[in-house]
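2 protein chains.
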Amino acid sequence: MAKFRINILGCGSATPSALHNPSCQVIDFRDRLMMIDCGEGAQVQMRKMNLRFQRLTDIFISHLHGDHCFGLPGLLSTMALHEKGGAVRVHIPQQGMELFRSFVNYFCKETPYSIIFEPITGEGGVLYEDHALTVEAFPLYHRIPCYGFIFREKPKTRHLDGEMVRFYNIPVSQLKAIKEGADYITPEGDIVPNSRLTTPADPSRSYAYCSDTMFDERVAQAVKGVDLLYHEATYGQECEGCAAERGHSTARQAAVIAREAGVKSLLIGHYSKRYRDFKVLVDEARTEFEAVTGADEGLKIDLL
Amino acid sequence: MAKFRINILGCGSATPSALHNPSCQVIDFRDRLMMIDCGEGAQVQMRKMNLRFQRLTDIFISHLHGDHCFGLPGLLSTMALHEKGGAVRVHIPQQGMELFRSFVNYFCKETPYSIIFEPITGEGGVLYEDHALTVEAFPLYHRIPCYGFIFREKPKTRHLDGEMVRFYNIPVSQLKAIKEGADYITPEGDIVPNSRLTTPADPSRSYAYCSDTMFDERVAQAVKGVDLLYHEATYGQECEGCAAERGHSTARQAAVIAREAGVKSLLIGHYSKRYRDFKVLVDEARTEFEAVTGADEGLKIDLL
Numbered sequence: 001m002a003k004f005r006i007n008i009l010g011c012g013s014a015t016p017s018a019l020h021n022p023s024c025q026v027i028d029f030r031d032r033l034m035m036i037d038c039g040e041g042a043q044v045q046m047r048k049m050n051l052r053f054q055r056l057t058d059i060f061i062s063h064l065h066g067d068h069c070f071g072l073p074g075l076l077s078t079m080a081l082h083e084k085g086g087a088v089r090v091h092i093p094q095q096g097m098e099l100f101r102s103f104v105n106y107f108c109k110e111t112p113y114s115i116i117f118e119p120i121t122g123e124g125g126v127l128y129e130d131h132a133l134t135v136e137a138f139p140l141y142h143r144i145p146c147y148g149f150i151f152r153e154k155p156k157t158r159h160l161d162g163e164m165v166r167f168y169n170i171p172v173s174q175l176k177a178i179k180e181g182a183d184y185i186t187p188e189g190d191i192v193p194n195s196r197l198t199t200p201a202d203p204s205r206s207y208a209y210c211s212d213t214m215f216d217e218r219v220a221q222a223v224k225g226v227d228l229l230y231h232e233a234t235y236g237q238e239c240e241g242c243a244a245e246r247g248h249s250t251a252r253q254a255a256v257i258a259r260e261a262g263v264k265s266l267l268i269g270h271y272s273k274r275y276r277d278f279k280v281l282v283d284e285a286r287t288e289f290e291a292v293t294g295a296d297e298g299l300k301i302d303l304l
Numbered sequence: 001m002a003k004f005r006i007n008i009l010g011c012g013s014a015t016p017s018a019l020h021n022p023s024c025q026v027i028d029f030r031d032r033l034m035m036i037d038c039g040e041g042a043q044v045q046m047r048k049m050n051l052r053f054q055r056l057t058d059i060f061i062s063h064l065h066g067d068h069c070f071g072l073p074g075l076l077s078t079m080a081l082h083e084k085g086g087a088v089r090v091h092i093p094q095q096g097m098e099l100f101r102s103f104v105n106y107f108c109k110e111t112p113y114s115i116i117f118e119p120i121t122g123e124g125g126v127l128y129e130d131h132a133l134t135v136e137a138f139p140l141y142h143r144i145p146c147y148g149f150i151f152r153e154k155p156k157t158r159h160l161d162g163e164m165v166r167f168y169n170i171p172v173s174q175l176k177a178i179k180e181g182a183d184y185i186t187p188e189g190d191i192v193p194n195s196r197l198t199t200p201a202d203p204s205r206s207y208a209y210c211s212d213t214m215f216d217e218r219v220a221q222a223v224k225g226v227d228l229l230y231h232e233a234t235y236g237q238e239c240e241g242c243a244a245e246r247g248h249s250t251a252r253q254a255a256v257i258a259r260e261a262g263v264k265s266l267l268i269g270h271y272s273k274r275y276r277d278f279k280v281l282v283d284e285a286r287t288e289f290e291a292v293t294g295a296d297e298g299l300k301i302d303l304l
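As you go down the protein sequences, you meet chains G and V in turn.
Mapping to this note's numbering: the first sequence position 15 is 15, numbers consecutive.
Mapping to this note's numbering: the second sequence position 261 is 261, numbers consecutive.
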C-alpha cells in the first residue's frame, strides 16, 4: 500500500528537555513530507530520522506557542543552505502570521526555494488538496487560537483483475471507468459485472492531530472515524484540574475522545516533563480505550 | 581566584548537526552568567551544562545570522517558565533589533522577569560595566555588521598581609587606601612601605570573542594582549579562498591573529561541518601559534 507514515520528531511539552523535544511530526505521504508543528530542534530531528529537506512541501503550525513553532526559522534557513528547490508553504494561524513572516524573511533573504505563508483563519477548513490527499484544519480549545489537522486520503479506485481484463480483451479506454466501478459491456452486448473484473479499492486512510487542547467533545465530533488519532495527553488524571486550567488534557480524557470518535487507534504525546516515563500515561489511557500508543522521538507509524 | 570561566555550549557553524551545536558560549564571572551568541538549542545546552537560568543577566549577540541568534526566543520563553526573576539585557546589533524585539515580545508576553533589548551600534564600545568587569564590543569583518566582545576584569586591589596589619595595629579606616597601594604612617610618624603590608594584586584577566570574521589585522589590534582569544576557524588553509569569500577565517589565520595580538592562548571554533574532527584545524593553527585549544561542546576553561 502507498506510504502514509507518521514520524514523531518531538512529543514533549513546553520546553525541550533531556527526555523529549518539543512538538513536531512529519507525515510521509507517498514520499512527500508534510510537517506538523515545528518546535526548537526540528531540523536536527529531521536529519537524525533521515527525512530529506528536499521532500518537505508543507508545514502546518497548530498555534503560536513557542514549543510549536520556534524551530521554524532555523529549519527554513538550513533548508536554504541545503539548496532545497521548489517551495514550502507554511500554514500558520493568522494572528501571528505577519510577525512570523517578517522575522523569517529577514533571516532567509536569499533562499533558493520560495517560502509561502498561508494564514489559517476562523474555523479552519481545507488547507491543502491534491488528487490523493486533503488536509483540513479544525478548531481546538486551548488558551489561544489553536487548530487540529486531519490528513485524509481521497477515495481510491478498485483494483483491476489483470487476468479478467485479458480474458475479455477489454480496451484500455474502458479501464478507468471500470476501476471506478462500471460494469463492462462486451461488443456482443453482454454485461460483465464489475465485481468479476475488480477487487475492492484499498481503504482511504486518515490521521488526525490534536495538540494542544483541553478536553472537549467537539474534538471527538471533528475527528470522527479517523484511523489514527494523535491527541495530547499532557497530564495524568491526578492533574485534571491543572489540565483544564492550562487548556490541556489528561491521558484518560484523550482516550475518552478516541472512544467517542470511534477511531481505530490512539497516539498520545505532549507529555509534561513531570512524567519521567510516559508509560504511566499510556496505562491510564488504556483504562478507557484499548489501542493506545505513546509517542516517542524516532517512532514511525505506518497507516495500513 | 574569583571565577572567570568560559563554557562552550556550541562551536559549529551554519547549521546544528550531530557533531556540533551552533554558536553559544556562557561566561561565568563570579557566578553571574553572561551569554555570547545564542544558536538554536542553547537552552538545552545550558541545562546539560548545569548553568542556571536564574543567574543569566546579559546576552550578547554578535550578528544577525540565524546560527548566532535563533535560540533566543526559546531560551527567553523557557526562562519565564522557570520563574526567573530580575532582568535579562539582550545586546544586539541595531539593524535587526526592532524585528527581534517584536518577535520575542509576542511570544514572551508575561515573563516574570524583564527583557531589555539594547542596540549595539557603530563601532561598538562599552556595553556593560560594573565594579569588577567591563564588556566592550568592537567591529569584526563579516558579510553583515558583526561585533566581537572583550570581557575585561578591572584592576584589582593588593592583598593585605593580615599578620602585618595586626602587628602594626592598623585602623580599619586605613585599609582601603593600603589595598590601593598607600604606605602606612604610624601614630609615631614612621612610614611603613606598602610592600611590607601587602602582596601584589591578582592579575586582571581578559577574554575576547571573535566570531564571525574574515582575517583582518584590525582584529589583532582590537584584542591586543588578552589572556584568552576565541577566534573563529571555520576552515583549513585548503579553503582559504572560500573563507575570504564567505567572510570567515582559516585556522592558520586565527593563529596569526593570536600571535600578532600577543595573547596568552587561543581557542578556536565555528568549525565548518566538512571537518568531522576539529583536531586537523587545531594542528594547523599550531603551526603558527603554540597555545591552541579546540572548542567543543561541554568544554569549560577557567582563566587563571
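Because the hints were derived from the structure by calculation, they are not lab data.
Possibly wrong hints are sitting among the right ones.
When chains are identical, the list treats them as one kind, so a pair holds in a single copy or across two.
25 Å max Cα-Cα, derived DSS-like pairs, lysine-lysine [as the list claims (entries may be wrong)]:
| id | residue 1 | residue 2 |
| --- | --- | --- |
| 1 | Lys-109 | Lys-3 |
| 2 | Lys-176 | Lys-279 |
| 3 | Lys-109 | Lys-273 |
| 4 | Lys-273 | Lys-84 |
| 5 | Lys-273 | Lys-48 |
| 6 | Lys-279 | Lys-156 |
| 7 | Lys-3 | Lys-154 |
| 8 | Lys-179 | Lys-84 |
- prompt: Among all the numbered hints in the text so far, which are the ones the structure does not match?
  reply: 1, 2, 6 and 8
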